[in-house]
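Listed here are the chains, written in short residue letters.
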Amino acid sequence: MSVKIALAGNPNSGKTTIFNALTGSSQHVGNWPGVTVEKKDGRLKGKPDVVIQDLPGIYSLSPYTLEEVVTRNYLVAEKPDTIINIVDASNLERNLYLTTQLLELGIPVVIALNMMDIVRKRGDKIDVSKLQDQLRCPVVETSAVSGDGLQQLINQACELAQLGKASQPQIVFSQRLEKTLAQVGDLLETAGVLKRPELKRWLAVKLFERDEKLLAELHLSDTVRQRLEKMTAECEAELDDDSESIITNERYEYISRLLQQAAKKTLPTGQLSLSDKIDKVVTNRLLALPIFAAVMFVIYYVSITTVGGLLTDWANDGVFGDGWHLFGIGSGAYEAAAEIDPDADPAEFGVWVPGIPVVLENLLAAVNCADWLQSLVLDGIVAGVGAVLGFLPQMMMLFIFLAILEDCGYMARVAFIMDRIFRRFGLSGKSFIPMLVATGCGVPGVMATRTIEKEADRKIAIVTTTFMPCGAKLPIIALIAGALFAESGWVAPICYFIGIAAIIVSGIILKKMRFFAGDPAPFVMELPSYHLPQVKSVLLTMWDRSQSFVKKAGTIILLSTIVIWALSSYNFSMQPTETQDSMLADIGRTVAPVFAPLGWGDQWEAAVGTVTGLIAKENVVSTFGSLYAGLDEVSEDGNEFWAVVAAKYTPLAAFSFMLFNLLCAPCFAAIGAIRREMGSLRWTAFAVGYQCALAYASAMVFYQIGILLNGGTFGLLSAFSLALLAVFLWLLLRPEPKASQNKIQTVFES
Amino acid sequence: MRTLADVRPGESVTVLRLQGQGPVKRRIMDMGITKGTFITVRKLAPLGDPLEINLRNYELSLRKEDAKMIEVE
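In the order they appear, the protein sequences are chains S and E. Quick note: the first sequence uses our numbering, first residue -4, plus one each step. Quick note: the second sequence uses our numbering, first residue 5, plus one each step.
It should be emphasised that the hints constitute simulated quantities derived from the structure, not laboratory data. Be a bit skeptical, because a hint or two may be false.
Selected chain E positions facing chain S (Cβ under 10 Å, derived; list incomplete) [to be verified]:
hint, residue
1, MET5
2, LEU20
3, ARG21
4, THR41
5, LYS47
6, LEU48
7, LEU51
8, LEU64
9, SER65
10, LEU66
11, GLU75
12, GLU77
With a straight-line cut-off of 20 Å between C-alpha atoms, the simulated SDA-like cross-links for lysine to any residue are [what the hints assert, rightly or not]:
hint, chain 1, residue 1, chain 2, residue 2
13, E, LYS39, S, LYS225
14, S, LYS174, S, GLU154
15, E, LYS47, S, GLU521
16, E, LYS68, S, PHE417
17, S, LYS272, E, GLN25
18, S, LYS174, S, LYS225
19, E, LYS39, S, LYS208
20, S, LYS(-1), S, ALA177
21, S, LYS208, E, GLN25
We treat Cβ as the ideally placed atom computed from N, Cα and C, and that holds for glycine.
Using the sequences provided together with the hints, build the complete structure.
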């Protein structure tokens, strides 16, 4: 018989640590259906028939934010056998606010009084038995970091699950309020809406609050609604406040009374804790930004440039290339020999491990494998898998760092510091990190948007993060800069500037669109106490994210690589050919005119390049090398064929091409990451569609206006481009549509 | 009428009442800012906004435009 235990609690209460401790590696991570909210569940270690469902960190069960609604719906519809409510004991007042609401749901609750070690260190005292008596549910002291109390916690939870007795709501509001709530409850009973009697209290409170979601779900008759409204209004008149405020106030008042009896503080309020002292420096007016810049630099340097970069090179050139020396044994000797004789064979030095392509090639040759199959395996599958796994080391490092930052509490400070700039552009303060990470690789950049709380901001960030030039786009920039702009030093910075501008501008435009008006909730964010990040939880997070990347994005990349391999190796009669006569080239030639307004419609090679760029942006350069110069291998910036490129493109057209590739849909790995974070195909399609539309429009407007400014004739395209520009400016500068704040009132007017 | 947005860093005040309605007000109340709550303004962010306040034993970041909805004394 399977037991379902739900974990609920505030963000930063240690819920994730406890979840990890209870489930170990049996976790399964996804999204709640159709939304960008992460869903985690797992099996209890040692008792696989007990399912532990992690719920989003929430402060309350209001109907206003996605996380709260997802949680409420789960608790009411799925009815878990027990709820473990994780409460941060060092922050008891606010944490108990959620507790009072959980206790109304008619599901047995066990409270995990977490972070007791901090409480003891402070010298504060909590009378656990008093709490238990008042709240009428078991309270177990835990310290998730050390593992104390966890066994007891889970035993209690399982016991309660077996007993199957609903918790009795014990929160006693004021007499006047209790009277109204009783009236509402009775009204619901007689109206026959009370399908589950244990939910009476929950429904009474919520309907008193005029909870719009429940009102919509319950289909109350007009008479019932009117009576309900009358009861509510009477109480509001007497207590001189609106119903939501009445409930909230009384909850906190109850908690204050409770804590007066059950808790004692030794630290006088106003004195600075250790976290406060750290913040004196970290969010200091003068030091905050430099410190942030330094932190970002270190992260970047280590994950992309040094360690991550090294590992990626090892993966790309070693494991998926010719081979590598085990632990570097022999590489020194080989390098010395190679200086004298460039054809020296590295395999003769030290311990040489041949790369996978080499091994496979030999293997396939040994079994006399058909040529096409060999090509499929080596150029298709291995190349595709290599593309995915080549990213992995850098990404794992980035994930580790991001997990550390999030875990220790610094991320919240970043949002605090950057908020003012970012909110102007429809972005959250936390949007900054994904942008920064995306300059290395868009995949972890997109994944980093997970930390953004507001759903609308999160979606916008997911759509715009890949506008930043990632490491793979640099070769394209280098190619264009080298071939047409005499390697000028300003090309690359301009591209970064374009990326930033695209993000900012998109943020503004998208925020003004209706379906991004999103949660009307204000930006209110807790700054949790700093604490040492937990090694286990950091590694688990990193592992989980890497795994999901490899699985989800990997499948897409693999499939698309194979498809493109097929398209580029065969012509339409299914005969093997050179790339210029292949299906891909034919498709390229057909599609190329689409890009004529952008200035490079006569170059079908460009269309093909753009498509191969979808697998990995670096492919644009190698595709050009193959198509323009028949080269099998090219240097990173394609300098071997700069002359050819210079002959075929005008500077304007080349820049337009670069612009298009910078902004259009990112590589398949990144699209896979977008799919993962958006949680829906529809939104992924929107994201990719928007990016391509922006890329196309920008490149076209740029090219057409460029032509005009260079003395070209004014034609249909020029007119169209100017019109587009006008539309764009309107989208950017129009006033913000009013958010619908009066939704609650309108429900009652029906 | 004095609001939380007018309070200078280091000062402590008590909440008189909350303006606004619906989700915005609810969120602020959910986080513990209710009538009679004792709040200390810790600091302003380096760029001038948001505010960091201390209440009910924890630290909260709040934008000035939302702080304007909180009447204090």
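Verification of the supplied hints:
1. MET5: violated, 18 Å
2. LEU20: violated, 13 Å
3. ARG21: With a minimum Cβ separation of about 9 Å from chain S (threshold 10 Å), the hint on ARG21(E) holds.
4. THR41: Holds, about 8 Å.
5. LYS47: holds, 7 Å
6. LEU48: holds, 8 Å
7. LEU51: Since chain S brings a Cβ to about 4 Å from LEU51(E), closer than 10 Å, the hint holds.
8. LEU64: Since chain S brings a Cβ to about 6 Å from LEU64(E), closer than 10 Å, the hint holds.
9. SER65: holds, 5 Å
10. LEU66: Interface hint status for LEU66(E): holds (6 Å vs cutoff 10 Å).
11. GLU75: violated, 13 Å
12. GLU77: violated, 17 Å
13. LYS39(E) - LYS225(S): violated, 25 Å
14. LYS174(S) - GLU154(S): Status violated; Cα separation ~34 Å.
15. LYS47(E) - GLU521(S): holds, 14 Å
16. LYS68(E) - PHE417(S): Between LYS68(E) and PHE417(S) the Cα gap is close to 15 Å, so the pair holds against 20 Å.
17. LYS272(S) - GLN25(E): Violated: LYS272(S) and GLN25(E) sit about 36 Å apart, past 20 Å.
18. LYS174(S) - LYS225(S): holds, 14 Å
19. LYS39(E) - LYS208(S): violated, 26 Å
20. LYS(-1)(S) - ALA177(S): violated, 31 Å
21. LYS208(S) - GLN25(E): holds, 17 Å
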